[in-house]
Structure formats: C-alpha cells, structure tokens
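Enquirer: The lines below spell out each chain.
2 protein chains.
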Amino acid sequence: MEIVSRVLSGDRRAVAKLITMVESFDPRAERALSELFPSTGNAHVIGITGPPGSGKSTLVDKLTLRFRDQGKSVGIIAVDPTSPFTGGALLGDRIRMNEVALDKEVFIRSMGTRGHLGGLATTTRDVIKVLDAFGKDVILVETVGAGQSEVEVVKTAHTIIITEVPGLGDDIQTIKAGILEIGDIFVVNKADREGADNTARELETMLSMNRYENGWKPPIVKTVAKEGKNVGELKEHIDSHLKHLKKSGELKKLRKEKTREELFDILRENIELYIKDHMCEKRIDDIIEKIMRCEMDPYTASEKILEPIKKD
Amino acid sequence: MEIVSRVLSGDRRAVAKLITMVESFDPRAERALSELFPSTGNAHVIGITGPPGSGKSTLVDKLTLRFRDQGKSVGIIAVDPTSPFTGGALLGDRIRMNEVALDKEVFIRSMGTRGHLGGLATTTRDVIKVLDAFGKDVILVETVGAGQSEVEVVKTAHTIIITEVPGLGDDIQTIKAGILEIGDIFVVNKADREGADNTARELETMLSMNRYENGWKPPIVKTVAKEGKNVGELKEHIDSHLKHLKKSGELKKLRKEKTREELFDILRENIELYIKDHMCEKRIDDIIEKIMRCEMDPYTASEKILEPIKKD
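Just so you know, the protein sequences line up as chains B and X, in that order. Heads up: the first sequence is residues 1 to 312, going by my numbering. Heads up: the second sequence is residues 1 to 312, going by my numbering.
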C-alpha cells in the first residue's frame, strides 16, 4: 500500500493519516498495519500514568528533551479515557512545550476514548505500531487517571512509570492500590511541595509488600518536572530497566505475553464483526424480543446464534 | 435442576451455592441460570457508586431498612473492582449493620474482581438474576470507585445513584466527570461536613450542562447516612424514578438495551471458549512464535485461526 511505503520513508503526514484510519476503524487500516508489521519491534515503549494534576505531561516533555539530547527520536501518545461516554479528549486541548512540539523528530498524537471497553488499549497498540515502524526509538504513552482502562493502556508498554504527587490524601491511595503492582518505576513529582518525603515513604511501604520475582525492584524518584529536577535520574532508571529486561530475558517473555493478548483481542473483534455481518439486525431484534418476553433465555439464544457459525 | 427448584422455593443456602458456581465459572451455572430465567424480571435493581469513603455502605444499609419497613425483601451485592490484579475483596471484610445482616429477608453477597475486563459486569448481572428469581423485590448493587469497570457494574441497574462527599477536592471531580452522565440520583453524603452546600452546588452546575432527553432531571439529595438523615427523601426519589421509568416507557427501552448488551457479552464469551476448545495450546504457541519472529502479523494470524471455525 502506498500509505505504508510513505510511512516507512518517513512521511509525517502519512503517519498522521494512518493513525486517523486506525482510530476511525477504517478497514484499510488493518491491511496497512499488516504490511507495516515486519518493520516494528524496535522502539522502547514507555507508559506513564497517575492521577490528574500529577504533572505527567510536563514529565513527558522533559523526558523527551533528554532522549532528544541523546539523538533518539520520540513518539508521544497522550490517551485520555476519563469519560467513556462523551468521547472528549482533554489532553488534546493541552499545549505542549514549544521545544518539544516544534521538534521535527518528535511526533505527538492525542487520543480520546472510543467509548467501548478494551478498545482503547487495542487502538493504542496499533498507534504504537505505526510510530514504531515510522522509526521512533522511544514511544511515550501518557494516560490520565488510574482506572482499569488506563491500566490496560499503560500495559501496552515495556516500562511502566507511575506518578504520584504529595498531598492527594488517603482516598486516592485506596483507588490506586491496584496499580502499584504494575509499576516499574515510581515518581513523586512536585517534590518541592510539602509532604513529598511522606508520599515517597508511603509508596515504599506499599511497595515493600509486593514480591519481585523477575529481579527488578522498582525505584522511587522524587522529581520537580517543571524545573527539570531529577528528570536525568528518572531517565537513567528507564534505561536501566530496558537493560534489565534484555539481560534477564524478561523482554522476550513480555513480548510473548503481549503478542498473545493482542492476538486474542483481534480474534474477539473479528468474530464480533463476523457475527454482525452474518446476522441481519432484524433477526437479532427478534431474539432480543423473545428474551424480553422470557420465551428464550440469553444463554440458549447465544447457542442458537453460534450454531450456523460453528457448522457452515 | 435441583438447585434451581431450591432457589425458587426460597432456600438461602441454594442461593449462596449457585452464586459461588456463577463466580467460579462452574459450567452448571449457565444451565441453572437458563432454567431460572423465566422467573426473573421482577426486581428493581438499584446501583450505587462513588469514591471510597463517601459512605455508600452505610447508605445501602439505611436504604435497606426503609425498604424493609415497606415489607419489601432486599438483596445486596457489594462489588469491589479496586484491584484488577490481586482479586482482593475489600468490602467482603466489612461488617454490616446488625439489623440488616441478621434480617432473614435480606440477602448480602460480596464480590471481588475476577481479574478480566468486562467479566465483573457479567458476573454481577448473573448474580442479580439469581437474587431476582429468589424473589427479592429490591436489589442494591454497591460498588466502590468510579472507573470504567465500576461504571459497567452500576450500569446493570435500572436506577443509578452516584454518591459524593464534601471536601475531596478538584482532582476527584476530574476523575469523575465521565460518571455524571449515567447518574439518575445524586447524593451528597456526610452533609453535616463543611462544604456540603458547595459540593451540591458544583454538582448542580456540572449537571446543568447535560441534556435530559428522557424527561428525568436527576435530583441532588443531601444526606447524613449515619444518622439516617434524608434517607427517606432519597428513598422517595428512588420510587419516583421507577415510576417515571414505567410511565415513560423508558423501562422497556432500558431492558431492551441491557438484553442486547448481555446477549453480545455471552456470545463473545462463548466464542472465546469455542476457539480455546478447538485449538490446542501448542498451535496457538506456534502462531505466537511466528508473530514474534515477524513471519506473520497478528491480523493474518487471526484470519488463519478463524478460517476453520467459519467453514467446518
């Protein structure tokens, strides 16, 4: 496909167009991704999540500058699954640092929710693939919040950074308990604020309850992203984590897991499309009416719908 | 099935056993649910969600007493999707009010996360069906937090109550923006705390931006659940909402939507089981290895896997 060769030759506009195709479920996107696939697998994908107001975007900008200093090209994907109902893209309205936004070696894309469960992680995965094939050395996936869909999004990354901020109180901690287990590096940002040491200590206590069977103990870094303070240290931890993944064989394991998840996600989506294509809306409506009149239960209905698919 | 007739005849132990079967994906559960199905559709299902510490459980207990005063039997399902990784059930450890817990006409069940996306809503739906067939007039589904999986859980209800609490700050408001659109009734609990009027006003402002095309304007109730203050008023709003659903025809529309969602969820799950049954792990592993060596892309792999299913 023409768009694929354009992406591979470094055409930014082709990249933007292909991502739009991916986001809008254009049927040509899958063929393009299929052709792009052999050119992927080179980028280091870094996921960053944490509560709103913890300064993730500033952190991403400052990290980007560090990677650029090293001559690495960077892709940034900012995902906002805050509202599963309106499709609003909060992060899209945000203005990035000029230094980052105007750099031709940095590609930035904002994504709002697609409104269906699990879909956001799939789309993120596909956008990562486009930027990977486009030749980005580092891809930063930034997502707001700490709910289950955000977890699914950051789990597309090789290295997961969780940001915290002093003074958000106990309630937030409770919400976030589930996310601690997936973090590779923890950041207490806005560390010039009162309570930063406390927050770091709390994190340490919570983390000490986890077991690290893969040989990596997540470090906790105190940063003041706005002033660039300790961003260099954070960058070093990111590099160390990648080295650890490669050396320990974890990277291969991680890639295998992720490939499996992706394969099953694609299978699910394809089967759903297949059912919708092979059954007219009218028949589905009839079955729903029958269920509502209690003439059929949904389990039997599902069997009936799948019968011809399994046989013909 | 024997367990079904026992549930229908009011045997509490059979209900508890069937719910455990549902939770543990016992293959007999589906047959039982299928047999139970004609006896469902009578309960008023009420969902309650909100941030941790907003007093949902106390509110649920006090509401239960009100429904019991009216002679209605009550089922309570407490769902905790906080941690998608550990499977811990926070609410399960909580001790309910004695008055509620010892009442033979009240059935209480705590549920932790099942660890897979979307699964918690399906399980909740099935447990609701068991309690519905068991003869409960009112089923209260209580879930902590306000992420996407919590939203999916409360969306199983006919009437959705969102609880707020004074003084949680702006960050929480941002996280919760997406949930406002699904609330039928809003509660500012712990309204004896400073800032309750402010929180109610903020809610009102945020709600005023929504359009209500179905003719129901969500009321905001200030309660002090611990003292039972205004719980009666809340109960009246719940009853009014049910009346509104019935009178406006919204209940039928709602039931149709929910039936459709459920049918497709069951279809998805059954297809996945079918694939896993019809493909040995070895072949799936081979395909994953090929994808990792870039000899095949996941889209083509998915087509290859589905080919025999679509044909044979």
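Check before you lean on any hint, since a few could be wrong.
Remember, identical chains collapse to one label, so a pair may be satisfied in a single copy or spanning two.
[Claimed, not checked] BS3-like cross-link-like pairs, simulated, lysine-lysine; straight-line CA separation at most 30 angstroms:
#1 K304 / K276
#2 K252 / K290
#3 K256 / K290
#4 K72 / K276
FYI, nobody ran anything at the bench for these hints, they're computed from the structure.
Enquirer: So, for every hint listed, does it hold in this structure?
Expert: Status of each hint after checking the structure:
no.: 1; hint: K304 / K276; in the structure: both (14 angstroms within a copy, 19 angstroms between copies)
no.: 2; hint: K252 / K290; in the structure: between (49 angstroms within a copy, 13 angstroms between copies)
no.: 3; hint: K256 / K290; in the structure: between (43 angstroms within a copy, 11 angstroms between copies)
no.: 4; hint: K72 / K276; in the structure: neither (44 angstroms within a copy, 42 angstroms between copies)
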